[in-house]
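Chemist: Whole structure, please, built from the sequences with the hints as guidance.
Numbering (the working numbering), first residue to last: 13 to 490.
Mixed in with the good hints there might be a few duds.
Unchecked claim - Straight-line C-alpha distance at most 30 Å; calculated DSSO-like pairs for lysine-lysine: (1) Lys-469 - Lys-444; (2) Lys-451 - Lys-469; (3) Lys-97 - Lys-451; (4) Lys-404 - Lys-238; (5) Lys-161 - Lys-75; (6) Lys-315 - Lys-383; (7) Lys-184 - Lys-76; (8) Lys-148 - Lys-97; (9) Lys-434 - Lys-444; (10) Lys-148 - Lys-315; (11) Lys-348 - Lys-315; (12) Lys-95 - Lys-184; (13) Lys-220 - Lys-148; (14) Lys-220 - Lys-383; (15) Lys-161 - Lys-184; (16) Lys-220 - Lys-184; (17) Lys-348 - Lys-220; (18) Lys-330 - Lys-97; (19) Lys-337 - Lys-444; (20) Lys-97 - Lys-453; (21) Lys-404 - Lys-97; (22) Lys-238 - Lys-451; (23) Lys-412 - Lys-330; (24) Lys-457 - Lys-161; (25) Lys-75 - Lys-148; (26) Lys-220 - Lys-95; (27) Lys-254 - Lys-404; (28) Lys-254 - Lys-75.
Just so you know, these hints were derived from the structure itself, not from any lab.
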Amino acid sequence: MSKKQKMVEAITPRDEDFTRWYTDICMRAELCSYSTVRGCVILRPYGYAIWELITGELDRRFKKTGHENVMMPLFIPESLLQKEKDHVEGFAPEVAWVTHGGDEELTERLCVRPTSETLFCDHYAEVIESWRDLPKLYNQWVSVVRWEKTTRPFLRTREFFWQEGHTAHATKEEAMEETLMILNLYEEFYQTALAIPVLSGEKSESEKFAGAVNTYTIEAMMHDGKALQAGTSHYFGNGFAKAFNIQYADRDNRLQYVHQTSWGVSSRSIGGIIMVHGDDDGLVLPPAVAPIQIVIIPIAQHKEGVLDEACRLKEAVKEAGFRVKLDDSDRMPGWKFAEYEMKGVPIRLELGPRDIAQGSCVVVTRDNREKTVVQLENIIEELPGMLNDLNKRMFENANKRLTSRIYDVSDWNEFVQTMDEKPGFIRAPWCKDPDCEAKVKDITKATSRLIEGAADKSHSCIVCNRPALQMVIWGRAY
RNA sequence: CGGGGUGUGGCUCAGGUGGUAGAGCGCUUGGUUCGGGACCAAGAGGCCGCAAGUUCAAGUCUUGUCACUCCGACCA
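Modeler: Here's what the structure looks like:
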């Protein structure tokens with residue numbers, strides 16, 4: 013009984029204090045730890061391993077769609093950053109500046125990249141000359157710095173890790189196609205690799221990226237009903253091209269400005285995994301990004317033959333292509349159970365003298381803790397299906413939570429009340445007036461997360477009652 | 001940037017009225033254990049965030065400072 017209590021005490025229960033539950037998981041699952049640098053975290057091996065798997069999944073998709081990786085400098089000269097007006101204004105408040113090299117003051121300060129549009133543009137202006145040079149489909153995996161005031165592990169840190177794709181195209185149509193193709197790619201990645209259902213759509217004028225013509229987003233719903241912007245894809249038109257003079261000679265030898273896009277997914281996605289799938293016992297990881305997919309816990313491992321059998325099992329599982337760990341440390345089995353649950357390992361195999369005698373082992377799935385006994389000779393062929401089912405259950409559960417917590421509301425009072433009482437999103441029509449959007453934010457703290465599409469003619473704006481133009485998903489966000 | 005909280009072994013904290021530091025967990029070693037966070041024994045580990053000040057004497061009192069953390073305004 014006291015043991016039970018101890019386990020429960022390990023992390024703050026999710027429904028008691030969501031924020032503390034979240035940080036507890038980050039620390040206890042050894043994903044990250046606070047660093048001496050304010051607002052920055054240290055990615056620990058386990059957290060970094062997840063990030064590596066995420067980058068691997070995404071990078072594979074980028075390569076498949078013809079993108080190339082590059083590396084831009086960490087610094088941006090002030091004059092370069094200032095070339096596109098909207099862009100600077102958007103980022104100015106949160107950039108970090110380098111003013112000195114050694115003891116010498118620099119003639120021009122350098123900003124630590126908050127994002128690299130300007131660097132890519134500067135480079136594109138140099139390397140793009142003719143239509144034959146297009147499209148340029150570049151991406152980079154880097155960290156960027158934004159001087160945030162309040163920070164939280166993964167969700168908002170001053171330095172964070174991400175990929176930023178930057179492409180240049182001959183036509184508007186092509187650039188728009190790229191923008192939407194990436195949006196779909198992100199959506200597919202989140203739903204299959206992370207088992208996180210997302211909504212996708214366009215951002216409103218006030219929520220879009222600084223310098224973009226259109227910003228598209230995928231939004232996920234966390235367990236507490238709040239939204240997490242999980243990825244964005246921007247269409248730039250030729251605004252940047254004009255500011256940076258990125259021109260190419262078309263087939264008729266006429267100079268044209270390129271049309272550009274940019275898009276990114278960050279290490280914030282790890283926060284999403286935690287807040288969508290995690291429970292009171294810790295992390296629950298989707299198999300595709302689980303550093304350890306299968307952990308083998310030997311029971312009474314000092315007894316004759318147990319470790320040998322466990323080793324054989326491990327080798328077989330590894331041979332079959334799974335990421336597997338055999339924990340033969342001298343911890344108690346119960347300690348190990350709790351530890352790997354905390355770390356979200358999808359499947360645990362228990363192997364003890366009893367199992368060995370019967371030629372079987374106990375399989376426990378992390379999401380529902382279901383125990384089944386499987387014959388050792390069948391285990392390898394059973395595992396893929398079990399992982400698959402687990403992934404499916406994770407997605408379905410999250411999807412049920414998402415869809416059941418989107419409320420269709422058409423009346424302002426009901427909107428305020430719903431936002432206040434029910435965690436989740438609200439679908440409500442809007443007239444497109446930024447003042448109405450601002451009023452929603454002022455009063456309910458909810459923002460427009462995305463625009464689903466045009467509103468029905470019969471709809472009127474949730475705030476001002478004038479004819480509505482768009483159907484919008486609203487929610488409080490991280 | 002505003003408000004609150006906290007700084008004492010790796011972690012969580014205890015140390016009325018000032019007298020030179022303690023517990024639990026963790027760690028190390030040895031032994032017994034092993035199907036839901038084991039037990040016994042012996043160890044290692046701290047200029048008490050930092051800096052001034054008061055004092056014969058400061059985790060303890062004063063002032064300042066820094067850091068972290070939580071809650072609000074801005075943001076992936």
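Chemist: It remains to establish, for every hint, whether it holds in the given structure.
Modeler: Now the hints, each set against the structure:
no., hint, verdict
1, Lys-469 - Lys-444, "14 Å, holds"
2, Lys-451 - Lys-469, "23 Å, holds"
3, Lys-97 - Lys-451, "27 Å, holds"
4, Lys-404 - Lys-238, "23 Å, holds"
5, Lys-161 - Lys-75, "36 Å, violated"
6, Lys-315 - Lys-383, "23 Å, holds"
7, Lys-184 - Lys-76, "22 Å, holds"
8, Lys-148 - Lys-97, "24 Å, holds"
9, Lys-434 - Lys-444, "25 Å, holds"
10, Lys-148 - Lys-315, "62 Å, violated"
11, Lys-348 - Lys-315, "18 Å, holds"
12, Lys-95 - Lys-184, "22 Å, holds"
13, Lys-220 - Lys-148, "23 Å, holds"
14, Lys-220 - Lys-383, "47 Å, violated"
15, Lys-161 - Lys-184, "37 Å, violated"
16, Lys-220 - Lys-184, "18 Å, holds"
17, Lys-348 - Lys-220, "46 Å, violated"
18, Lys-330 - Lys-97, "54 Å, violated"
19, Lys-337 - Lys-444, "54 Å, violated"
20, Lys-97 - Lys-453, "26 Å, holds"
21, Lys-404 - Lys-97, "46 Å, violated"
22, Lys-238 - Lys-451, "19 Å, holds"
23, Lys-412 - Lys-330, "34 Å, violated"
24, Lys-457 - Lys-161, "19 Å, holds"
25, Lys-75 - Lys-148, "13 Å, holds"
26, Lys-220 - Lys-95, "19 Å, holds"
27, Lys-254 - Lys-404, "47 Å, violated"
28, Lys-254 - Lys-75, "29 Å, holds"
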